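Number of protein chains: 2
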Amino acid sequence: MSKMKYLFHGDFVTAHPEPGELSVYENAYALVCGGVLEEITLVKPAIGDDVIEIDYQGKLIIPAFSDVHLHAVQYVTTGLGYDKELLPWLTDYTFPEEARFADRDYAARVFTDLVHDLWSCGTLHSSIFSSVNTDATVLLGKMLVEAGLSAFVGKVNMDRNGGVDLEETTEESVHETIRYLDLMAPLEDYGVKPILTPRFAPSCTPELMHQLGQLSVERGLPVQSHANENLDEIDWVKRLFPDSRDYISVYHDFNLLPTGKTVMAHCIYNTDAELEMMHECDVLIAHCPASNANIASGIMPSAYMLGKGLRIGLGSDIGGGNRLFMGHHVSAAMKQSRLRWALTDRASRILNFAEAFWMGTAAGGSLFGKTGVLIPGYAFDALVIDDRHLSRYRPLDVLERLQRFIFVGDERHIVARYCNGEFLSEPGTMVK
Amino acid sequence: MSKMKYLFHGDFVTAHPEPGELSVYENAYALVCGGVLEEITLVKPAIGDDVIEIDYQGKLIIPAFSDVHLHAVQYVTTGLGYDKELLPWLTDYTFPEEARFADRDYAARVFTDLVHDLWSCGTLHSSIFSSVNTDATVLLGKMLVEAGLSAFVGKVNMDRNGGVDLEETTEESVHETIRYLDLMAPLEDYGVKPILTPRFAPSCTPELMHQLGQLSVERGLPVQSHANENLDEIDWVKRLFPDSRDYISVYHDFNLLPTGKTVMAHCIYNTDAELEMMHECDVLIAHCPASNANIASGIMPSAYMLGKGLRIGLGSDIGGGNRLFMGHHVSAAMKQSRLRWALTDRASRILNFAEAFWMGTAAGGSLFGKTGVLIPGYAFDALVIDDRHLSRYRPLDVLERLQRFIFVGDERHIVARYCNGEFLSEPGTMVK
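Just so you know, the protein sequences line up as chains W and E, in that order. Convert by adding 120 to the 1-based position in the first sequence; the result is the number in this note's numbering. Convert by adding 120 to the 1-based position in the second sequence; the result is the number in this note's numbering.
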């Protein structure tokens, strides 16, 4: 961690650790010491010679985005096959593509671009599914380290229902998981960590689930998976795990819902008991609105779930979701909450902009430590947005400018990225 | 119209005048004479010295997009106020903004950018609402002519419920409409035409509707308006026009549904009688999925309506919709059809990719004459897409490449635009 001290000047806007109103500090100063935000003030503070001033006057400075659910190995097929639902889409498009990542060169080419594009989009933290292939997964981890991005990167476990090219035996899956954990260990100091990744309950035998759960308990490892995305999938899980109360309980029954360390993607069709269980285990739900539309899954009741106190981040879910830029998903979360309201229950709560932005920054960021907000004591992981082109006709206030960036802008408007207070330069081609 | 002959080489994909499968001509040749496509062949034809060859080998060539519903005067407020529903959104954000367009300089600045960005996004045809201001509307028309874009441009009529800054008297509204028609006349030869634009029924007194209907009948003028977007709006229309059977009938009763010459935006909540009336009058429905989500209107049953034989184009509905690029709206139409299916009726039809692409090109294009498809006898209005970056990992077929462009790509991938067979250069700043 850098010991440097910086004073940033610009128009700051941030969510808070809990959902609620956004805070705006216009024409303000942020003092960052050793990578951590010390204070934001509207008056320029007296500073010593050891503080470097960085002037972004007139530019927006916002917390970095966190993408808490994406599949690195689906980056090539993103946008394809959206005429299908989840299960045939997996079989026809996704599994054959994932098998290609046994080829290291192919993996290197795709991951080089993905890592670059994550950087470009200001997604400085992400929770990623790789493929079953250990070496490809570790390669991705190394590339993320070289780019200076924080991430959880999971080697996928799948010992059934994955097709001949992809499926592992239970023994292989466990053995490769341990090999992957060993290979990932040196990356942890650089902010890239392993995460147990049983693909989803139908892909794993009870024996594999059991062994992964043991690993999680013994080593204190986090877990990511999918749940309650699609009605056919839910029926299938019921048949495969008749002894578990419901889908979320399957993971819980196998010790795969470690408290405060679980990311569960989709969670569209939950019982109240499942919501309560996820709340108790402090699960981070990865809401993936674009994907949920593209493959006809449904609309997660995000506002209702926020009302129940659940922690909800956003996932691009590449390649079910079709855009990497998280502003698209903040926007999609708002859109879908409105559509759900219009189509199902007009007495229900609607997600507001502050909550959607909170999901894409603060809530997602909570998975990665003290980040995701521009609040004293948190890491200064921030994006600088040059939005002059978006607000050039007449003055807009800072919150309007943020909305314009999210709804109309894209990664082209991000002109600088800071991670732990340090400028993050553009990743090159890192393939050796 | 140019007399030149061109032979284009590339990978062509097109919808047809009626919805159905897309046609692909890979590594093919399109002969264009006098702006019209004569034939597409897989073997290079024998050509004379008078034919200029234009080689786009390996690039996609698709029909130009048509945006059949957008508000030029909301370009500045796009992305703002999506925490509101239609009626408060209009009052708080839209009407105050539209009043600014009485200032010619402001209008010129915004329209210069809008016209540039339509060009940039490959939207070569559009049906546009301006504001009540005649001079701003005509200025926009002239700018579109200078840019070489085809459009219908409407001076908005609004003699009630528009607020003090914007509302006209009935007499002013009619008088200004006639002045606008006179001023627009010289632009018609260049493909920019007037269209009667009663904002929506609640904005117009029966007397104004009556006089506009007379104008439409006498001069054979097309009409654009809004209908059935929002439940509160529909209730309001019932109270304002108690003698009409339903919302669509209000327009019909005042001769504002001229056959084959009407664009009706939104049409989410239609009775079967309304659908039948729109079918009989060959109305072009402007489906605006992004807008319908942003301001919580609902989801138009697009697949059901296509099944009834209705003609449905796509509208960005700037500023209710938040992106100008029509690929976003092709994608949004697919997403929303899937969500409607998942949330309301899983026995219903779902919109497929070919239909959504048809809406954004062929159906929308049908408003502007023989364009919107790459079929012999139609104008060669086309976009050249350099998608090498989107398909660089391994070969994709042409339909997959088109899907990648629509779902993952954007205007950055459009490298050339042709209108009536002629290359369309980038519009500069045209304000005199």
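To be clear, the hints were calculated from the coordinates, so they are not data collected in a lab. Bear in mind the structure is a predicted one, so any value in this text is a computation, not a measurement. Don't be surprised by glycine CBs; every beta carbon is placed ideally from N, CA and C. Take the hints with a grain of salt, since some may be wrong.
List of simulated lysine-lysine pairs, DSS-like, C-alpha gap at most 27 angstroms [claimed, not checked]: (1) Lys358(E) to Lys428(W); (2) Lys358(E) to Lys123(E); (3) Lys204(W) to Lys381(E); (4) Lys358(W) to Lys204(W); (5) Lys179(E) to Lys204(E); (6) Lys204(W) to Lys262(W).
Partial list, computed: chain E residues near chain W (C-beta under 8 angstroms) [to be verified]: (7) Val230; (8) Thr232; (9) Ser417.
Comparing the hints with the structure gives:
Proposed proximity of Lys358(E) and Lys428(W) is contradicted: the alpha carbons are some 39 angstroms apart, above 27 angstroms. With a C-alpha separation of about 53 angstroms, the suggested pair Lys358(E) and Lys123(E) falls outside the 27 angstroms cut-off, and the hint is violated. Pair hint Lys204(W) plus Lys381(E) does not hold up; C-alpha atoms about 36 angstroms apart against a cutoff of 27 angstroms. Of the pairs offered as hints, the one joining Lys358(W) and Lys204(W) holds, with about 22 angstroms between alpha carbons and a cut-off of 27 angstroms not exceeded.
Simply put, Lys179(E) and Lys204(E) have alpha-carbon atoms about 42 angstroms apart, too far for the 27 angstroms limit, and the pair is violated. For the given pair, Lys204(W) sits about 34 angstroms from Lys262(W) by alpha-carbon distance, which is inconsistent with the 27 angstroms threshold. Interface hint status for Val230(E): upheld, as the beta-carbon distance to the closest one in chain W is roughly 6 angstroms, under 8 angstroms. Hint on Thr232(E) is violated. Least Cβ distance to chain W is approximately 11 angstroms, over the 8 angstroms limit.
With its C-beta approaching chain W no nearer than about 7 angstroms, Ser417(E) sits inside the 8 angstroms limit, and its interface hint holds.
Consistency note: the structure conflicts with the earlier hints numbered 1, 2, 3, 5, 6 and 8.
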